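**Student:** Read off the chains here:
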Amino acid sequence: MDLPILAIVVNIMTTRDVTETLDVRGKNCPMPVIETKQAADRLEVGDVLEVLATDPGSVNDLGGWAEATPGVELLDQDDDGDVYRHYVRKVAE
Amino acid sequence: MSADGAGPSDDDARETPDAGGPSRAELAARVAELEARLETVESTDEGPRKMSIIATKGTLDMAYPPLILASTAAAFGYDVTVFATFWALDVLHVERSAKLRLSAVGNPNLPLPNALAVLPGVDRLATRMMERRIADNDTATVEELLGTAIDVGVEFQACQMTMDLLGYEEDDLYEGVTAGVGAATAIRDMADADIQLLV
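These protein sequence lines are chains G and Z, in that order.
The first sequence: position 84 = 121 (the working numbering), numbered continuously.
The second sequence: position 5 = 1283 (the working numbering), numbered continuously.
These are computed hints drawn from the structure, not numbers from a lab.
Where hints are given, some of them may not hold.
[What the hints assert, rightly or not] With a straight-line cut-off of 25 Å between C-alpha atoms, the simulated DSS-like cross-links for lysine-lysine are:
1. Lys64(G) x Lys127(G)
2. Lys1335(Z) x Lys127(G)
3. Lys127(G) x Lys1377(Z)
4. Lys1328(Z) x Lys1377(Z)
[As the list claims (entries may be wrong)] Just a few of them, taken from the derived set where beta-carbon distance is under 7 Å, the chain Z residues facing chain G:
5. Pro1343
6. Ile1346
7. Thr1350
8. Asn1387
9. Ala1413
10. Thr1417
11. Thr1419
12. Tyr1446
13. Asp1450
[Claimed, not checked] If you want the ones that stay clear, here's a sample from chain G, every Cβ over 10 Å from chain Z, calculated:
14. Asp54
15. Asp60
16. Lys64
17. Met68
18. Val70
19. Gln75
20. Val82
21. Glu87
22. Ala105
23. Thr106
24. Glu110
25. Asp115
26. Asp117
27. Gly118
28. Val128
29. Ala129
Source: prediction; values computed, not measured.
Glycine included, each C-beta is placed from N, C-alpha and C at the ideal position.
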């Protein structure tokens, strides 16, 4: 019965359970996507990568990349007005 | 009970085909053969997607699109080849890639009439402006993008005919660039590719 709530809690926990942070602040297209891909290649299955970016295009670009790329899952994206934070989990090799 | 008469006779027709038609064993063999072919087709489909770019331009602005698209496609898991011909060879040329220029002539987006754009030094000025913008905007340089693209597995090919035409040697090009290829290689790449671009 509590499963949906449990799933939300688990999702929030894993979103913030960051294994590695990639800082691409100041870098522009195409570097945020390419460096995210390179960092994702180094991750183990289950790891969560946090990407810090200042490029506003990174929101759509990283979302599109994660959707089209097998083995990764975009958990969350947010921004505080200056920095965009993206959370990517590796789900398969 | 009287309705039963039609049922069994239909079943019989399905189980024992006409003497002239294929036997069950033949049909089973045919199904097995088709399943094997389907498996081959499906396994071929699972290979990486491919992108083939034919790059022809060597101005500072036009060096960017092939490099950006190639490296991004590689990040998406594509096998990417960039076949560089004519002035695009300058992008792969160690000395010349650092000196790519913008042309002021025939560029209606520059705030300068063509009559002035032809004056000596104007191309250099336009190039400096562009280089400053690239630096101010933290956009990667051509050299950085090329290095990144090679790192992520993009294969750069230098057209042999235009290498000879422009007098470039393989040693003039960045390490990792494949020389000695021609139009036939480009055609084969394009035929195999899911995305083909001429830039």
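**Student:** All hints are to be evaluated individually against the structure, with a verdict given for each.
**Tutor:** Hint by hint, here is what the structure shows:
1. Lys64(G) x Lys127(G): Distance of about 23 Å is within 25 Å: holds.
2. Lys1335(Z) x Lys127(G): Outside the cut-off at roughly 38 Å; violated.
3. Lys127(G) x Lys1377(Z): Roughly 41 Å between the alpha carbons, so the hint for lysine 127(G) and lysine 1377(Z) is violated.
4. Lys1328(Z) x Lys1377(Z): violated, 31 Å
5. Pro1343: violated, 11 Å
6. Ile1346: Interface hint status for isoleucine 1346(Z): holds (5 Å vs cutoff 7 Å).
7. Thr1350: holds, 4 Å
8. Asn1387: Not OK, violated: asparagine 1387(Z) not within 7 Å of chain G, min 20 Å.
9. Ala1413: The hint is violated - alanine 1413(Z) has no Cβ within 7 Å of chain G, the shortest such distance being about 12 Å.
10. Thr1417: With Cβ-Cβ at 5 Å, under 7 Å, it holds.
11. Thr1419: At about 11 Å, which exceeds the 7 Å cut-off, the nearest Cβ of chain G leaves the hint on threonine 1419(Z) violated.
12. Tyr1446: Violated: closest Cβ of chain G sits about 27 Å from tyrosine 1446(Z), beyond 7 Å.
13. Asp1450: violated, 26 Å
14. Asp54: holds, 24 Å
15. Asp60: Fine: 13 Å to the nearest Cβ keeps aspartate 60(G) off the interface.
16. Lys64: Label violated. Min Cβ-Cβ 6 Å, cutoff 10 Å.
17. Met68: violated, 6 Å
18. Val70: Valine 70(G) is in fact no farther than 10 Å from some Cβ atom of chain Z, at 5 Å.
19. Gln75: violated, 7 Å
20. Val82: Answer for valine 82(G): holds, closest chain Z Cβ roughly 17 Å.
21. Glu87: Given a closest Cβ separation of 18 Å, the condition holds.
22. Ala105: violated, 6 Å
23. Thr106: Nearest chain Z Cβ is 6 Å from threonine 106(G), so the label is violated.
24. Glu110: Non-interface label stands for glutamate 110(G): nearest chain Z Cβ at 15 Å, farther than 10 Å.
25. Asp115: Aspartate 115(G) clear of chain Z: closest Cβ-Cβ about 22 Å, beyond 10 Å.
26. Asp117: Given a closest Cβ separation of 20 Å, the condition holds.
27. Gly118: holds, 19 Å
28. Val128: holds, 15 Å
29. Ala129: holds, 13 Å
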